[in-house]
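Note that the protein sequences, when read in sequence, are chains X and Y.
Under the numbering used here, the residues of the first sequence are numbered 3 to 79, in order.
Under the numbering used here, the residues of the second sequence are numbered -10 to 310, in order.
Misleading hints may appear alongside valid ones.
[What the hints assert, rightly or not] Computed footprint of chain Y on chain X; a stretch qualifies when at least three of its residues, placed anywhere within it, have a C-beta under 8 Å from a C-beta of chain Y: (1) 8 to 20; (2) 32 to 44; (3) 47 to 57.
[As the list claims (entries may be wrong)] To give an idea of the chain Y side of the interface with chain X (calculated C-beta under 10 Å), a few residues: (4) V84; (5) Y157; (6) A176.
[Stated by the list, open to error] No farther apart than 20 Å at their CA atoms in a straight line, the calculated lysine to any residue pairs in the SDA-like style are these: (7) Y/K281 x Y/V293; (8) Y/K125 x Y/L247; (9) X/K17 x Y/S181; (10) X/K46 x Y/K281; (11) X/K13 x Y/D180.
Hints in this document: simulated from the structure, not taken from any laboratory.
Predicted, not measured: the structure shown is a model, and the values here were computed from it.
Each residue gets a CB set at the ideal place from its N, CA and C atoms; glycine is no exception.
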Amino acid sequence: MVLKILGGGCKNCQKLYENTKEALAKLGIDAEIVKITDMMQIAKYGVMRTPALVVDEKVAVSGRVPSASEIEKMLQK
Amino acid sequence: MFTPVQFFADFLTYSVFYLSKTSRLGSAVNFFIFDSIKIFILLLLIIYTITFIRSFFPPEKTRKILAQNKGKTFVGHILAALLGIVTPFCSCSAVPLFIGFVEAGIPLGVTFSFLIAAPMVNEVALGLLYALFGIKIAILYVVTGEIIAIVSGIIIGKLKMEKHVEGYVYELQAAADLEQQKITLQARLLDSWRFTFDLLKRIWLYVIIGIAIGGFMHGWIPAGALAQYAGKNNPFAVIVAVIIGVPLYSNAAGVLPLVGELTKAGVATGTALAFMMAVTGLSLPEGILLRKVLKPKLLATFYVIVAVGIVLTGYLFNFIL
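Whole structure, please, built from the sequences with the hints as guidance.
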């Protein structure tokens, strides 16, 4: 599983990164989290509001910071 | 509504700190305590409400509405300016948003109407304007902000500057509409609260410093003292206010309480409004980000048109108010 955090390095992106890490730890999944800060790449995903979480090349959330438990549910699907 | 707050401020100032009711220090401290509490209560309520409403208008929805109306340019400008109020906007996502709009075929001018309205008519500006100047000025600010956004967007559209957008914006194949994510009401309320809390945490110190200086002025500078320097009769006041306002983006929260006090000291209302619009509408960091998608000529045109619009608004209000 590849996870990507899209965002220009704002505070919310950092928070999303931490929540995602927490969710992964709880589920015991060893996945890579890649930070994407390049605006062109972010735009390519069709995301217009950062931060966003991309799971296996599919945008799972954009424009908000879901809690760790919310991310857990998304990853279990 | 704020009688208990005044009561509390009186109690602290005159009974706990034991300051004299007639002293300048007493008056300044009392004003500071009352204003701080009042402004934070109002900010909390207003920012929370606007954030919650905005959670129903993600940029994807706005883009869809604007793309459906791309043939009707005039309607498009008005819609874009109105949607700019309710769509959540952060200058940090100005670039992907711009690309998303252009890729969806939304005319450049309409995109600019949105890009001008969204940061200018924002939750912090509205919250502070309402808390410090009252509902009339807050509404005036929204209406003129919208008009500037519509007119500037129309002018940029008429100038046909599409070739001054960086070429790759048109070539980049962005993914089509994202699937709308379902968010529960509970998550919305919680998200809005987190956002409001984070925002207040980020700005509270600036607001307090602004109120403190305001409180100081309240005690020492008599009302109307600045009228001869920055009142209606000084023709340069508006231009100077706009020039000072542009680099102050991140400190809007600290600057406004001060401006509130300055108007009481005699700075004309139009000048104060123009200043506020320059602070929110023409931010330097956003300009630097937008340079990635706009060639210098278009970026400069955008700034000049909006700046002229703001200056004219300032004069208009100094004239009629």
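A quick look at each hint next to the structure:
Given a C-beta distance limit of less than 8 Å, the hint that chain Y covers the segment 8 to 20 of chain X holds, as 4 residues qualify and 3 suffice. Against chain Y, the segment 32 to 44 of chain X contributes 3 residues with a C-beta closer than 8 Å to a partner C-beta. That satisfies the three-residue criterion, and the hint holds. Look at the segment 47 to 57 of chain X against chain Y: 6 of its residues bring a Cβ nearer than 8 Å to a Cβ of that chain, three or more, so the hint holds. Among the interface hints, the one on Y/V84 holds; its C-beta lies about 4 Å from the nearest C-beta in chain X, closer than the 10 Å criterion.
Checking Y/Y157 against chain X by beta carbon gives a least distance of about 7 Å; that is within 10 Å, so the hint holds. Because the beta carbon of Y/A176 sits about 7 Å from the nearest beta carbon in chain X, less than 10 Å, this interface hint is met. About 18 Å separates the Cα atoms of Y/K281 and Y/V293, which keeps this hinted pair within 20 Å; it holds. Pair hint Y/K125 plus Y/L247 holds up; C-alpha atoms about 19 Å apart against a cutoff of 20 Å.
The suggested pairing of X/K17 with Y/S181 holds, with an alpha-carbon distance near 15 Å, which does not exceed 20 Å. Under the criterion of a C-alpha separation no larger than 20 Å, the hint pairing X/K46 with Y/K281 is consistent with the structure, at around 15 Å. Restraint check for X/K13 and Y/D180: satisfied, since their Cα atoms lie roughly 15 Å apart, inside the 20 Å limit.
The structure is consistent with each of the numbered hints, conforming to all of them.
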